[in-house]
Structures are given as C-alpha cells and as structure tokens.
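**Q** Chains as they are written, first to last, in the numbering used here: chain U, 1 to 267; chain P, 1001 to 1399.
Rather than coming from a laboratory, the hints here were simulated on the basis of the structure. Some clues are possibly wrong.
Below are the DSS-like pairs computed for lysine-lysine, each with C-alpha atoms no more than 27 Å apart in a straight line [stated by the list, open to error]:
id	chain 1	residue 1	chain 2	residue 2
1	U	Lys-32	U	Lys-45
2	P	Lys-1159	U	Lys-159
3	U	Lys-131	U	Lys-200
4	U	Lys-134	U	Lys-200
5	P	Lys-1293	U	Lys-183
6	P	Lys-1293	P	Lys-1226
7	P	Lys-1293	U	Lys-159
8	U	Lys-134	P	Lys-1159
9	P	Lys-1293	U	Lys-134
10	P	Lys-1186	P	Lys-1335
11	U	Lys-159	U	Lys-134
12	P	Lys-1362	P	Lys-1078
13	U	Lys-131	P	Lys-1335
14	U	Lys-159	U	Lys-200
15	P	Lys-1362	U	Lys-131
16	P	Lys-1186	P	Lys-1078
17	U	Lys-183	U	Lys-200
18	P	Lys-1293	U	Lys-45
Computed from a prediction, not measured in an experiment: that's the story for all the values here.
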Amino acid sequence: MTDNATQSSSLDTRDTADATGGGSGTPIISCKDVTVSFGDFQALKGISADVYEGEVVVIFGPSGSGKSTFIRTINRLEEHDGGTIVVNGVELNDDIGNLDQIRSEVGMVFQQFNLFPHLSVLRNITLAPQKVRKMGREESDTLAMELLERVGIPEQAEKFPAQLSGGQQQRVAIARALAMQPKIMLFDEPTSALDPEMIKEVLDVMGELARSGMTMMIVTHEMGFAREVADRFLFFDEGEVVEEGTPEHFFTNPQEDRTKLFLSQIL
Amino acid sequence: MNVANTQDTRIERSTIDLARRWARANLFNGVPNTVLTLVSVTLAVYLIYTLARFVFVGADWEVVDVNRRLIFLGRYPKEEQWRIWPPMWMVMALGGLSYGMLSRGSLRDFAWLGAAVVFILAFLATTTNGMLFGGGVVLAIAAYGLGRLTIDRPLVRSKLRMVTIVGWFLVIPFAIILITGFGGVKPALWGGLLLNVLLAAIGIAVGLPLGILLALSRATSLPVLKGFSTAIIEITRGGPLIAWLFIARFVLPAFIPDAFQTDPIVNSMIVVSLFTGAYVAEIVRGGLQAVDKGQVEAADALGLGTFNVTVFIVLPQAIRAVIPALVSQMIALWKDTTLFAFLGFTDALSGGQAAYNQAAFKGSQIEVLVFVALLFWAVAFGMSRLSQRFERVLGIGVR
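Bound-form chain P, shown alone (with noise of 0.2 Å):
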C-alpha cells in the first residue's frame, strides 16, 4: 500500500515525464521519423480542420433533416413505422449485452460510446422518433451495464450468454414476422437503411451457415456432395453480385412455372445469401486447413465420432482461426446492399440521391452523401470493433 501512494503522489510528474519519453522515442527518433511525423500531423490538422468547418460552418444539413424518411426508410409506410422499433431495440440491447459481456473494462469504452450517443442525439432529439432512438440507446447502455457486471459472476454469466445467443438467433425471424406478418409491410416496400440492413443481416444470417455447410462438404471425401459444393463455389463466385442480382431479378422469373414465383426481392436476397456462401465457404475452408492434424487424430482417439469431432473440435478452431477475413466477408456484404438500388429499391444511398435530386436541395450532394457515408461506416465499425472483442475474448494470439 506504501509504495502505491507514493507512486500515486508522482504519478502527475511522472506521466508527463513517460509522455516526453514516449514521444522522443517513437515519433522523433531521427531526421526521417520527425519529418514523417511533422508531415503527418500537418495533413491530419488541415483534414479535420476542413471537415469540421463544413460539418459546423459550412454545410447546410436541411436536406438531410427534410429527408430522413427517405434515407432511413425509404418508401416504407409512415403509420406501420410502430413495427421496425421492438426489433431495433432488441438489436440495441443485444448489442449492448454482447459489447459489455465481452469488454474487460477499460474506460475507453465508455468514451466511445459516450461519443456515439452525442452524435446520434445531436441529430435526432427533437422528435418522437429521436426519443424513440435515445430510448433504445440508453437500453444499449444499460444492457451494456448489465453485461459488465457479470464478469465477477460466472453462474450469471453463463446464464447470460445463453439468452444473448438465442436472443442473436431470434432477432431476424422476430423482425422479418413482425415487419411483414400481420397485415404488416411487404418486401417491396422495404426501402432505405432498413433495407440495408434487412438484407445484410439475412444474408449473414443465411449465408455464413450455409457457407460452414459447403466448406465443409467440399472438404469431404464423398464425390458427389464435395462435385456439388464446388461447383455452386466456383459458379457463384464466378460472377459480380451485380450480374447475379440481375439474373434473379429479371431473368430467373421467365424460368419459373408462375406458381412458384416468389416476390423479385426475395430471389434476391437468396441471390445475396448464396454470393455470401460462397466466399464465406472458401473462408473456412482455409480455416479447416489450417487446424493441426493432430487434433483430429486426437478426437478420432477418444471415439468421438465424425459428428462431434467436427461440432466441438474442427470448426471452433476453424472459425477462430478466420474471424478477420469472416468479419471482412460481412463488412463487404453490407456495403454491397446499396447495389439493390440498380434493381429499383431505394436503399439509404438511393434514397439520398433522391433527395440531392429534389428542386430545392440542389447542389446538396455533399450533404447527404457525407451522411449516408457516415452511417455505412458507423455501422461496419461498430461490427469490426464487436469481432475485435470477440477475438479477444476466444484467445487469438494467446496460443
């Protein structure tokens, strides 16, 4: 106890002084290195120097204000709204669950996320819709809460875990029921950000299991399943999304006895699954490569049998081994989903180019484009830092 107050009476000193060591030993160690960091800084200044004077000065955010509908929901009925919230808060507060189960602590965080909510409130505090919003972000945090507090709890956490990943499994069939069924909203009439989002978390949800199942048929010594398995591989991947969209949309109906047609977004979105299957399949394929033959001939040792050998002790390792590239695989993914917009859905970017299109927002573009941007990468960030934890937390690189 001595020593600590004594290093917490210099501490002041101290960190000052180790900021001064840190700083001379990695950005001015040498002529090259000072120049670099001089050069660096310079350009990152005059960059957030510039976009914060348009952010706050210079820009005129109406457009976007005016035309949140249309970039959030598209042509999306305004009175069956009520329908997309459960859904979303789930999401929120699954998320914040999984994030603080995950977390080990640290106060950057609660800096992130305190940054985040700032942001979001700033645009949307005003409405029935913001407070909505701000109600799901403070279940995020409170979820968030929850799930740090279970770290000294084992029981609970265990617990927890169960119901977080059930909960994961249950959040799409659950949003699909709820925005469709019940005299809902048809596929059609999805549109902006939700359709984004709809359709990457289908095509994740569809696509990342049956990309696990063609892996691991094409890793099989059965020539029929593993002649299947790469043939749809390779002609899947053997075209652009954009061609397959296409095909589904305009071409595969002709094929088709009408009663079997199925509404143009629905071929789609299993066009989309299957692209993501595809190369989530090659993904782990490299995975299952990559796992020591000694594990197998371990397993085989114990009889567990083929079943279980490749549940509980293949895939995890697999997987854990591809998470990077798999996290990569669904980033691309939800960035590829404003390619519905070439087939007549307004998703969040088409929905904003109407808007920039509209006689009184000319020459708006910057506006909405910097906006749309800025939620397509909220969104990819928030999944690369939840995979980050999550690779964390199986261990990479401890081994």
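Chain U on its own, in the form it takes in the complex (with noise of 0.2 Å):
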C-alpha cells in the first residue's frame, strides 16, 4: 500500500492499551477470566482481554494454544463456561436475542473461506443484509459491488466460489463479512489456507481495512504484515495470555521465556 510511511508513524502514537483507548473510555469487547473446555479438556484457562475501537489486536501462539477457540467465543461460535464478554456493550450469554443483534455487529472471515458454493459472489455478499437488514435487492447489490471494488475484483460478481482462486475467494469472505457494517473484524488464520502468491492480495485487503479504523482482532502467523498493522498483540499459550504489548515490544525485548522461545522458531 502506498501510505505505509503514515501508517506506521501514527501507530507509533498508541503504546498501550489503555492509551489507545484514551477517547472512549469503555473498551468495545471486554473479556474477563474466560474460560472454555472441550470435556476434560480447557481450551481457555482464563482470559482477560480488552478490545478498544479502533483497535487492531493481533494473537498469535503455538497451534492448539487457544487462540482461534477464543477469537470464536467472542461471536458465540465457542460457548465460554466461565467469565463474562461484553461485546458493544451487551453481554454474550444463552440469550438467542443478544446473540444475533451482536453477531450482526461482528464480521468473520475464516481460514477456510466458507464461503456459500451454491450462490454467486454477489447473492454470498447480499444474503445477509438483505435477509438480517432488510434491505432490498437494488440497495444490497449496490452495497456488494462497492465492497467488491473495495477488495478489487468487481468483475468477478457474477461467478460462483468454486471457480475463484483462494485468494479471491477470501477477500470475497471479506466482502461478504463487512456488508453487514460490522463494527468489529474477526480474522481467523485468514491467509493459512492459501497459496503464498495469494497471501499478499488478502493481506493488502485486510491492511486497508486497519487504516480505515475498523476495529479488528486477527489470528495469524504473518508477523511482519502483524507489525504493520496492529496496535497491540497478545501472546497465547495453553490457553493462556502470555504476554501483551505493542509490536516493537515483542520484536525487541519479549521478556517471557515461551514469547522468546516462540518468536525465535516463526521469524
């Protein structure tokens, strides 16, 4: 992208989490002591997290550390057992109500894509709006197609998933995630399924979409598009935050022996 020299000079203004979240106060997701089993087994041994808007979180970790089973509790894909979240200020629990009014608010894109093969790109795109928003047919084609333009492949409205690359199938999930107006991003391995020369299209999708304010939580294991974009990265390791800080803070100076250990096998 071509103002990466801007980008990074204002993100040097945000050290900490509670700097970033300076203006609003109230941070927009709010995790406290969340804790997830598989039957004897605890994914999330406790996490507490705050998101503020605007935000750009980054979690990365060895496999099987918890991290995408935490990502997916903040949209109720994962039930927690244990401590509370709030999201945009309604707290998730077995109320079905809550539960759409916040995953309507919350976009995800997953590393599979999942994208839906039966319908074109731009019905996968207008689905929900037109179905959850009510919105009607010409709004909601108008609204995918300048989503489309938005992650560059216009001319690819009328085809089915099947017959797109990896890479242009994922920013269609992007597409399709924020035609809802989501006020927070979830990324799930977004580019772990894809071929490395596709990586990069999803990545400059997902860098723009940072530079835009959107407030995003991203899973992944690309740590120098990570350093670029986000504000802060937590560390997770059976099912546990680590560590947190701002990106140079990792690449500098980790101070846990697992950060250090981790770091040293990824870079």
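Two chains, each in its own frame: build the complex with the hints.
**A** Here's what the structure looks like:
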C-alpha cells in the first residue's frame, strides 16, 4: 500500500492498550476470566482482554494454544463456560436475541473461507443484508458491488465461489462480512489455507481495512504484516495470555521465555 | 475465420478419421475388449431384432387399441373425460418449459423429442383424443422453444422461471379440483394410468415437503420433536408399503369414528405420502450431514438466524447433494402405485390384465404388458432425464 509511512508513524503514537482507548474509555470488547472446556480438556484457562474501538489486536501463538477458540467465543461460535464477555455493550449469554444482535455487529473471516458454494459471489454478499438488515435488492446489490470494488474483484460478481482462486475467495469472504457493516472484524487465520502468492492480496485488503479505522482481532502467523498493522499483540500459549504489548515490545524486548522461544522459531 | 473455414472443408475426412481412432481406442484395444465388444453388439442386435420383429410383425395390437380406455382411465366415466385435458396440457407445457429452460442447446434434445412425438402419435393420431393429446405435444414443444429462447435474456428468464415454479406448485391442486369438483369424478372412480399419475403426483407433492420437515426435526436438538419424527420414520419404514395400504384400507376405518371417515383412497394417499416422506426424510438427513460445518458457522457469524440458515444455506446444499437419490425414490413411488390394484382399484397394470383376460383377446398378455411397461418406462425415463438436467444446472460436480 502507498501510505505505509504515515501509517506506521500514526501507530507509533499508540503505546499501550489504555492509551489507545483514551477517547472512549470503555472497551468495545471486554473479556474477563473467560474459560472454555471441551470435555476434560480446558482450551481457555481464564482469558482477560479488552479491545478498544479502532484498535487492531493480533493474536499469535503455537497451534493448540487456544487462540482460534478465543476469537470464536467473541461471537459465540464456541460457548464459554466461565467468565464474562461483553461485546459492544451486550453481554454474551444464552439469550438468543442478544446473540443475533452481536453477530450482526461482528464480522468474521475464516481460514477455510466458508463461502456459500450454491450462491454467486454477489448473492454471497447480499444474502445477510437482505435477510437480516431487510435491505432491498437494488440497494444490497449496489453495496455488494462497492465492497467488491474495495477488495479489488468487481469483475467476479456473477461467478460462483468454486470458479475463484483461494485469494479471491477470501477477499469475497471479507466483503461478505463487511456487507453487514460490522463494528468489529474477527479474522481466524485468514491466510493459512492460501498458496504463498495469494497471501499478499488478502493481507493488502486487511491492511487497508485496518487503516480505515476498523476494530480488528486477527489470529495470524504473518508477523511482518502483524507488526505493520497491529496496535497490540497477544501471545497465547496453553490457553493463557502469556504476554501482551505493542509490536515493538515483542520484536525488541520480549520478557517471557515461552515468547522468546516461539518467536525464535517463527521469525 | 480462416482457420475455421479450412477446418470446415476437412470436417468429413477428420470425422471418419476420429471415429476410426475412437473405435480403436475404446472398442478394440486388446483381445478381451474386442471379444466383449463383439459379444455385446451381437446380443444387442439380436435383442433389437427380436423386439422389432415382435412389435411390427408378430404382435396383434388390437387388444391395446380396443382397451385403450381401460388402460388409461379404468372406470373413469367417459362423459367427464374433458376434465383431464386442461391439467394434462398444463403439465405438458410446464414440462416443456422446464426442459427448455434447463437445457443448454444440444441437438440431441430435439432428436429425443422427435422420437417421442412420432411414437406417441403413431398410436393416437387417428382419434379425437389423439388430436387433443397431439395438441398437448405441440404445446410442450412450443413451451420448450420458449424456454430455450430465454437463454440470452436473463430478465425474461427469471420471470419465466417464477411462472414455471408457481405453475408446478399449482398444477396438482388444479388437477384435483377440476377432476373432483363441480359435480366431478370421485376418487373411487379414478382408474388406469390416470390413477397411477395422480397417486404418484400426490405422493411426491405431499411426501417431499413432509420428508424434508421430518429430516429437519430429526436433526434438531429438541428431544420431543426429534423422538416424534424418528418414531414416524422408523415405524413407517418398518413395514412394506402393501401392508400399510391394507391397513389404511381395511384396518384404520374400524378405529375411526364415523364422522371422520374418509374415502378409502384418501386414506391410501395419506399412507403413500407418509411412506414416501419417511424415505425422503432419511435421504435428506444424509444430505444434511454432508453439508460442511463451516457453512453453518459462516451463516451464524453473519447473524442470519436459524430459519434463514436452514432455508437459504443448509437445505439447498443438502438437497442438491441428494437429488439422484430423491429422484430414485420418486421413480420407485411411481412404480409402487401399481400396488393399488390389490386394494381393488383399476390402475394401468390391472386395467391391462383385465384387457387380456377378455375372451376375445385370450393369449395377448405380451402385447398388453409390453405396452403398459412402455408407459411406465416412458414416465420414469422422463423423470430421470429432467433430474439430470436439473443437477447439471445446479452445478453438481462443478465444485
């Protein structure tokens, strides 16, 4: 992208989570002591984390560390069995009304894209605005085309997902999530299933989104990209947040041994 | 253009050449394959020759000609025959329209159509009914053409598609109202091929949605609903259709208060629909399980809600995956309608039996049975072709 320089300088002004949230005061996502268990296995052992509006938080860590599980609890694709999660002022619990409200405010992008194979690219994007937001067909079509322009593939609107490359499919998935005009975007390893040459096109779209002020939580191993766009890193291991801080903190001065070991393995 | 022209001039030679190469590659590559080819061809030629000899030389088709009414309509009164034509034309027009809209324009379609027309008209063209039927055929071909013409006009096409779908939904109620209503013909007097068609149509029209509902409720986590639908499916599938038909006809009426007694044939139709529904439910359940979990997660994450996720995301993919099995079930139902003969109704098959049992036509079983078999085969084959079209349009295998 062209404005990398201004981007990184603006990021430098944000130092810690508290400083970032300075304007609004209350976090848009607030998790306290969140636990999740699958049978006997405790995947999350009490996670507390706040995300403020406009912040980009990158979560990384070894596989099986609970980072995907954590991001999936934010819109209740996994149910937490302890602690509290408040998203956009609404607490996540068994109340289904709350749930649909939260889900329509939180967009999600999956590792495997999960586009609807029986619908055209355009219909993939317009379905939720039409059914949930009760948007008319023309209005939603216009919105979808704008979003496809934004992710750089307006010419693919009438094709079906199977006719697209992996990178194109993931960009459609981003457009589909954006069509609900969410306040928060969650990315669960969005480039892990992509061939190397397609990773950049997806990261470019995500970088543009971050620069536009979207609140984002991203699980990724693309540390170069993460360093560029993130305000804050969370390092996960064995269901816990081991270390938290700015990208610079992690790249120059990580404190915990586990963090150092993991970073030495992936960098 | 130049390239195309030079190819055109060579087309004859290259076609023969291609055919020769194809034959060598597919029919005569190696001794076992060559032997297999020769044996199959000999067998095929022998069978076709025998059949053709029977149809055109050996057989005496008078029994079929004289008893046409019996085979097609059974005991259905002659003066009410006009009630059958409008729904039949509607079916033919809708069939043509659907087939035309689903096709992608190969000449083979016209060949099939032409063969069917020649065959049918050869039997019927001389009578009033034949002409009425011929009119239907012409209507079907016109509708087919109309469907084909819309390929390049997406707007007209989407409207026409709506008309077609609504038409298919309306045609069965329309047929039943027109046949039974306004002093019409009671179901007890339905007969012949008409009876088979109506039974199968009602079985499909009720059984298909019922089966989908049963499959969905069996897949829920609500214990009462799940248990109830599981019980219906397992009990219904546990008995042969003929046993259920007997129960509906002879056992159930004894337990139902007089005020709620229905026509025996209506009971039987309910049984057929339930039976079909149970099988459809298990087929659809297989389809539901085949839908990727990520699909539901993605739809949930968009906040679509259970109803929308089921109707717009899960069901279309589940049903698309099981269309071949569903069509198989529909074809089975179509042939199972002959079981109604055991309940005392005169369907096409038992009408045929009555025909060759007449003193004047002793020994003409083969003619009658071949003709009736052909009727059943023609409908089953049509269903199979239509479903293949449908599958292709829905893009199965493109994924």
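**Q** A separate judgement is required for each hint: does it hold in the structure or not?
**A** Do the hints match the structure? See the list:
no.: 1; hint: U/Lys-32 - U/Lys-45; verdict: holds (11 Å)
no.: 2; hint: P/Lys-1159 - U/Lys-159; verdict: holds (21 Å)
no.: 3; hint: U/Lys-131 - U/Lys-200; verdict: violated (33 Å)
no.: 4; hint: U/Lys-134 - U/Lys-200; verdict: violated (35 Å)
no.: 5; hint: P/Lys-1293 - U/Lys-183; verdict: holds (25 Å)
no.: 6; hint: P/Lys-1293 - P/Lys-1226; verdict: holds (20 Å)
no.: 7; hint: P/Lys-1293 - U/Lys-159; verdict: holds (23 Å)
no.: 8; hint: U/Lys-134 - P/Lys-1159; verdict: holds (22 Å)
no.: 9; hint: P/Lys-1293 - U/Lys-134; verdict: holds (26 Å)
no.: 10; hint: P/Lys-1186 - P/Lys-1335; verdict: holds (23 Å)
no.: 11; hint: U/Lys-159 - U/Lys-134; verdict: holds (24 Å)
no.: 12; hint: P/Lys-1362 - P/Lys-1078; verdict: holds (26 Å)
no.: 13; hint: U/Lys-131 - P/Lys-1335; verdict: violated (41 Å)
no.: 14; hint: U/Lys-159 - U/Lys-200; verdict: holds (22 Å)
no.: 15; hint: P/Lys-1362 - U/Lys-131; verdict: violated (66 Å)
no.: 16; hint: P/Lys-1186 - P/Lys-1078; verdict: holds (14 Å)
no.: 17; hint: U/Lys-183 - U/Lys-200; verdict: holds (24 Å)
no.: 18; hint: P/Lys-1293 - U/Lys-45; verdict: holds (26 Å)
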